[in-house]
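Given chain L, work out where chain Z should sit, using these hints.
One-letter residues, chain by chain:
Protein chains: 2
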Amino acid sequence: MFQEKKNLFIPGPTPVAPGLLRTTSRPVINHRGPEFHELFGRVRSSLGRLFQTEGKVFILTGSGTSAMEAAVANTVSPGDKVLVLVGGAFGERWAKLAETFGAQVERLTYPWGTAADPERVREALAKDEGIKAVFATQNESSTGVANDIKAIAAARGDHPALLVVDAVSSFGAMELDMDGWGVDVVATASQKCLMMPPGLAFVAFGQRAWEAVAEAKAPRFYLDLRQYETFAAIGETPFTPNVHLCFALEEAIGMLEREGVQAARERHLLMRDMVRVGLSALGLEPLVKDERAASPTVTAVLGGDLDIPRFRRIAEEEFGFVLAGGQGELKATTFRIGHMGYMLPVDMVGLLAVVELALARAGKKIELGQGVKAAQELLLERT
Amino acid sequence: MFQEKKNLFIPGPTPVAPGLLRTTSRPVINHRGPEFHELFGRVRSSLGRLFQTEGKVFILTGSGTSAMEAAVANTVSPGDKVLVLVGGAFGERWAKLAETFGAQVERLTYPWGTAADPERVREALAKDEGIKAVFATQNESSTGVANDIKAIAAARGDHPALLVVDAVSSFGAMELDMDGWGVDVVATASQKCLMMPPGLAFVAFGQRAWEAVAEAKAPRFYLDLRQYETFAAIGETPFTPNVHLCFALEEAIGMLEREGVQAARERHLLMRDMVRVGLSALGLEPLVKDERAASPTVTAVLGGDLDIPRFRRIAEEEFGFVLAGGQGELKATTFRIGHMGYMLPVDMVGLLAVVELALARAGKKIELGQGVKAAQELLLERT
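These protein sequence lines are chains L and Z, in that order. Everything in the first sequence is counted per the working numbering, starting at 359 for the first residue and increasing by one. Everything in the second sequence is counted per the working numbering, starting at 359 for the first residue and increasing by one.
So that you can see chain L by itself, here it is in the shape it has in the complex:
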């Protein structure tokens, strides 16, 4: 059989839309020439719409973490007090980044698998007027928790702290009304809900955050957004960008806008619900009990007595479906299903069929077809 036919259901990279893959085989163009200038102007302006901001949007050649580092290094100075919401591996990444650049980090921790409580943010900020920034994660893909950024922004309220949000695995799948909610910085990347290959990262700075950039004293060069701003004025980046992924970006934004950003969000919610109801019918429990906190893009599943490595190996080697392992403190006890990007609700039916097959082969007692059926019923009901 076609051993190389693989279906990725991991939290990124996600399957790349074939139309985007075609753009990455075009001949390269001069990144300092008129064709690039026009492309760059168009994609920056379209990204502004997706970020829902009148602020500045920067395109970085790098992984999602490069956008997170740009968010930290351009807002923080050594000694600054910052508050970091940590309920998983990516919240912890904010904390490590801020510590690396010399910030005094106060971690507001909450159990992995639960959402951040905006009230605790309000309390922590009320105690200290000097906190410079709050770092939050919209979608914690290590646990499958979606945090309520609107409520966190409201809890920040008039406190002068900047609100900096990691939207790497939610951008395009969850609402994030940057200017409307008062979010100051948002970081994301190409290889998640934008359906693109990995290799580009994006970071948006609102006006208040941009004013902070001039004050920030953390050392930065490759990710110094002041250089990007200077070059953006002539339609360029300071360093040679991945021009192919700029082609792909234009296609990706076009696909999302033709679908409709609201429709894309609803598609992800339906995929999430189909996965949850299907797993439940098979006796598998999602880590996140509270549906309001359940991520639209990734579901972490408790393995119970299942031999998770063996189950994942069977799914991949026998059936070509790639599921992710657990992360951090959940490494041994969970596996994760990514349901984001270039996927349709009907793909969840096939996914659940393979989950069933691999569970059966791994020796778990289930009734074949029950997960599929539950997902099918939900699909018919909701569409």
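Honestly, the hints are just simulated from the structure, not real lab data. Warning: the hint list may mix true and false statements.
Stated by the list, open to error - Below, computed lysine-lysine pairings styled on DSBU-like, alpha-carbon distance capped at 30 Å:
#1 LYS454/Z <-> LYS575/L
#2 LYS575/Z <-> LYS439/L
#3 LYS414/L <-> LYS689/Z
#4 LYS575/L <-> LYS575/Z
#5 LYS414/Z <-> LYS454/L
#6 LYS414/L <-> LYS454/Z
#7 LYS689/L <-> LYS414/Z
#8 LYS689/L <-> LYS723/L
#9 LYS439/L <-> LYS454/Z
#10 LYS454/L <-> LYS454/Z
Relative to chain L, chain Z alone:
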């Protein structure tokens, strides 16, 4: 006519080999799965051969400057004294990077268009045992100067300073025997002589340099090579890499090794010589007079009374050949021709024909065919 048919003769991005472009339209794979682990192991080990080092080679998702920053941030601590050889924009980039990360920078400057004098390196080091690192540029693409890294390494001699080399626009076209010459760190990128699209960068650390990494106190996270080393042990990168460009990298290395690394270097020398002899026949003068210092990959040309912007515009808009402008202090007085990567000596004939056409259209008195002829003669003589 086909307005989109463009021939890039700029110092990167260079034309991408079509076989490599095909790899970038493959379906994406899991960067934490077995297929990637194997690919990553193969390309790292092949890169080690190209770098001519037994040291550690790191693959970064970023522009060439990200590899330069990794070289600085992982070797330098605030307050360290470093010596930077500056004879163009990229030497100056080393200096700015080192300053950004808190080093005390001593610039050893030499006129743009001339090579660094190894004797001055020896003298500067002899005066100060405390210099921690010497930063050099193998190929200064702002001026078209090739520096003699072997001689600079010999001039460094037993001085404890690390020798850190920017080989972004020379890697694959010029010899750089990293371990043999005693070069400690080499940085390069995908979009030059490797014939790949932009988006990956590479940095190699020899043993002495790797020992310095543990001591370096500059803040770094996205480019913290200690994290890359930890993940390399399991065949991965710490952050989602550009997996498509890892496919392309394997093809690129295969192409270079099938051609033969020595043959590739000679190809670049012949292309350089054809361009120089052709320009000379047309009465155009290269910036770099001393042929031993003339870059095999990029030639900066003095415009004289030529209206350079108009000449370049004609070459691009009428004939589809993209030449680069001058850079830095040479912006107004030179243009640059990139002759590197996926190019053959015979392509220089076509290039010179277009240079002639555009010169004629721009009103310069030349005899058509004279540049072409000189290059043809050299080609026949040397092959």
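Status of each hint after checking the structure:
1. LYS454/Z <-> LYS575/L: Cα-Cα ~15 Å, so holds.
2. LYS575/Z <-> LYS439/L: holds (21 Å)
3. LYS414/L <-> LYS689/Z: Holds - the C-alpha atoms of LYS689/Z and LYS414/L are around 29 Å apart, at most 30 Å.
4. LYS575/L <-> LYS575/Z: Status holds; Cα separation ~16 Å.
5. LYS414/Z <-> LYS454/L: Holds, at roughly 25 Å.
6. LYS414/L <-> LYS454/Z: Roughly 25 Å separates the two Cα atoms, so the pair holds.
7. LYS689/L <-> LYS414/Z: holds (29 Å)
8. LYS689/L <-> LYS723/L: holds (23 Å)
9. LYS439/L <-> LYS454/Z: holds (28 Å)
10. LYS454/L <-> LYS454/Z: Satisfied, since the Cα-Cα distance of roughly 26 Å is no more than 30 Å.
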